[in-house]
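Novice: Given only the sequences and the hints, what does the whole structure look like? Please build it.
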Amino acid sequence: MATLLELKGVSMAFGGLTCVDALDMHVDEGEIVSVIGPNGAGKTTLFNLVTGVYEPTAGDIVFAGESIKGLTPHKITQRGIARTFQTLRLFLNMSVRENVMAAAYGHTKAGVFRSMLRTPGMRREEREIRALAEKRLAFFGERLMGYRWDQPAYSLSYANRRRLEIARATATNPRLLLLDEPAAGMNPKETQEITELISQLREEGGYTILVIEHDMHVVEGISDRVVALDHGVKIAEGTFEQVATSPRVVEAYLGTGAMERK
Amino acid sequence: MSEAQGPRIGEDEWVARSGENIERHRLLRLADRVPGWARLLLFVAAVAAIPLITDDGYINVVVFDTLIFCLLAIGLNVVVGWGGLLDLGYIAFFGVGAYTYAILSSEQFGLHVSSFAVLAISVVVGALLGLLVGLPSWRLSGDYLAIVTLFVYQIFISLATNGNDLFGFDLTGGVNGIANLDPFDLFGRELVVAKQGIFNSNYVYLALGIFVVVFVALYLVNHSRIGRAWRALREDELAAELMGMPTDWLKLLAFAFGAAVAALTGSLFASLKVGVFPETFSLTLLITVYAMLILGGVGSQTGAVLGAVVVYVFLEALRDPDVSGWVFYVTILLALLLVVRPRWMVAGVLAATVAFGFVVHAIAGAIDETWTTSAGPDADSVTRFLDAWVVIPATPGDARAIAYIGLIALVLFCTTVKGVWRWLALVPTLYLAAFVWENIMSADPDVTRFVLLGALLVSVMVIRPSGILGERRVEIV
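Protein chains in written order, with our numbering: chain A, 119 to 380; chain B, 84 to 560.
Hints should not be assumed to be uniformly reliable.
Ranges of calculated distance between the beta carbons of each label pair, as one might list FRET restraints [as the list claims (entries may be wrong)]: (1) B/D405 x A/G264: 55 to 61 Å; (2) A/Q204 x B/V396: 47 to 53 Å; (3) B/V545 x A/H335: 49 to 55 Å; (4) A/H225 x B/G193: 50 to 56 Å; (5) B/N263 x A/E173: 34 to 40 Å; (6) B/G292 x A/T237: 55 to 61 Å; (7) A/Q204 x B/R555: 23 to 29 Å; (8) A/E173 x B/L269: 53 to 59 Å.
Hints were generated in silico from the structure; no laboratory data involved. All C-beta atoms in this analysis are idealised placements derived from N, C-alpha and C, irrespective of residue type, glycine included.
Specialist: Below, the structure is given as structure tokens:
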């Protein structure tokens with residue numbers, strides 16, 4: 119499989135604090151890779167680096183064969199990387215459908231003058247955006263259907279907001295989807311649903327997925343490969359079993375001596 | 084709902100009902116049930132009818148100026164309402180448009196460019212300046228952006244005021260401005276401002292035409308991917324950027340749109356006026372336009388128009404002391420009806436205030452006859468009642484200042500005490516308000532109308548915090 123995303127010795131330092139330290143990792147086309155690690159390990163910073171929120175202080179990020187280092191976030195999104203947020207960042211006062219439609223901006227074209235004149239091309243594009251949004255929302259079955267489309271996003275429940283964030287991210291037509299703790303704050307049944315959904319996203323949407331998750335049941339259920347971070351350094355990589363039994367991972371989560379006492 | 088059944092999809096009550104609630108809310112707002120184009124048509128028909136009904140020059144100028152303010156408000160709405168960018172330099176663009184017209188259509192440089200060409204030039208100049216002024220928005224947001232744009236406004240004022248000697252070159256005519264502007268020429272037909280003392284109502288139709296074009300154009304832009312992106316930008320800039328929207332460009336675009344509309348409006352405004360002077364573009368004007376937008380509902384284009392009409396007509400009506408008196412007393416009455424619970428207490432408070440007034444009037448009259456005035460026999464009943472009720476000293480002197488301060492103190496007292504004390508305090512407060520009105524405020528309409536505008540804003544904001552037609556917005560949930 120071809121490598122879709124590759125990080126080459128990527129470092130990120132805020133003043134004297136190094137959050138990500140010479141990280142090498144890669145994600146292959148069609149893979150689901152999980153990133154785990156204790157709080158403050160640098161997982162979300164990793165996402166921010168890949169999506170261009172931060173520019174790495176060292177190293178290079180290559181997406182689909184081209185360096186994306188130093189590009190603005192919207193350019194990176196237009197190249198095919200979309201993400202969700204750990205702390206939800208929906209457009210709360212816009213309707214559910216509009217949230218998803220807005221994300222189609224990057225791959226649509228109608229400018230100011232065509233909008234003012236309502237040219238046939240602009241109207242067709244607008245219909246396509248609407249159809250795309252409805253298709254993306256329909257992916258979540260009845261959860262985000264029908265009457266909810268015209269409701270403001272703030273009226274949604276927490277779990278539905280997480281689903282809407284995923285729908286919005288997929289509306290940018292990405293190749294790589296970054297999910298930041300998709301199961302956070304969900305009940306066991308919803309977590310189960312999300313686990314199935316992530317596999318479904320790959321099968322039906324054809325997305326390559328990089329996911330940060332704390333819930334080990336989810337990680338076990340979805341991952342082709344797991345990468346463990348601690349203090350910005352990759353401490354383990356491999357299948358879920360390999361990583362879960364790695365002494366360094368256990369140490370990072372439970373502290374030194376945890377293995378001996380057991 | 085028991086766990087065994089599992090969650091019943093789509094039946095959680097609050098969400099299911101929210102649609103219903105919105106619907107019920109809409110029933111109360113008749114405006115929402117009329118389609119947008121019909122509302123616009125209604126507005127256009129109403130405005131277009133005014134010059135047909137009356138050829139009173141004053142009324143027609145007020146209609147023209149109201150349309151100018153409508154344009155300013157919908158332009159500001161693009162930047163502030165849709166883009167979410169606090170732009171305090173907005174009036175500078177209005178000024179730039181007015182000066183563009185003045186420079187291109189007067190003897191200042193001997194230029195007499197065709198008026199529609201001037202409008203086009205204004206739009207381009209305004210949009211380019213908007214792009215330039217929008218640049219700080221890449222790095223600044225909120226209050227910081229507001230301060231920087233306020234400086235842009237100051238730069239404009241300084242340039243306009245000192246523009247009679249820009250390195251020895253007279254661009255703006257300085258404090259005296261540029262006078263004797265050409266009238267608007269409509270494809271070679273000059274719209275002479277006044278024909279034999281009668282206002283040329285074609286100006287109203289010209290302004291109305293431009294208003295409709297701008298309104299529809301902005302509406303169409305808002306209902307496109309650009310408008311959606313603006314709203315997304317206002318909601319969450321980082322999320323918008325990460326969802327593929329070029330936020331820096333969108334901010335500039337919002338600034339450019341607002342500035343272009345303001346500059347176009349400025350040119351149109353200048354075409355009717357004798358001249359263009361720096362002091363026209365005062366901070367008061369900026370605040371008035373903001374007041375219109377906030378009153379109508381930030382983010383709502385219809386609201387902006389409504390706010391502009393309400394505020395401007397309100398301000399103009401208050402120039403006449405007879406009208407302003409009515410507005411004052413009716414406002415107080417409405418405020419009482421809205422605030423006082425139970426409602427029957429309003430009658431009690433009013434009766435007590437009337438009785439209190441007669442007692443005070445009688446005592447004051449008994450002590451010194453010059454403290455009260457009596458209306459002539461030909462005065463109407465309201466005036467006679469007021470003169471028999473409110474103490475109006477022939478030589479008020481310090482009493483006015485004391486009463487003003489006393490009124491403020493009493494109002495504050497009313498807001499701090501509770502229960503029966505509040506009712507008791509309300510009676511002298513109302514009476515003192517009438518005293519202050521009759522002795523000070525009605526005599527000085529230029530100040531009073533802004534005080535009353537403030538009162539109107541406060542009352543509307545209490546009842547509808549997001550403006551008359553503004554959508555309720557949720558910040559953090």
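Novice: Now, for every hint given, state plainly whether the structure supports it.
Specialist: Going through the hints against the structure:
1. B/D405 x A/G264: 55 to 61 Å: 58 Å, holds
2. A/Q204 x B/V396: 47 to 53 Å: Check passed, 51 Å falls within 47 to 53 Å.
3. B/V545 x A/H335: 49 to 55 Å: 51 Å, holds
4. A/H225 x B/G193: 50 to 56 Å: 53 Å, holds
5. B/N263 x A/E173: 34 to 40 Å: 57 Å, violated
6. B/G292 x A/T237: 55 to 61 Å: Violated, at about 23 Å.
7. A/Q204 x B/R555: 23 to 29 Å: The hinted range 23 to 29 Å holds for A/Q204 and B/R555, with Cβ atoms some 28 Å apart.
8. A/E173 x B/L269: 53 to 59 Å: 55 Å, holds
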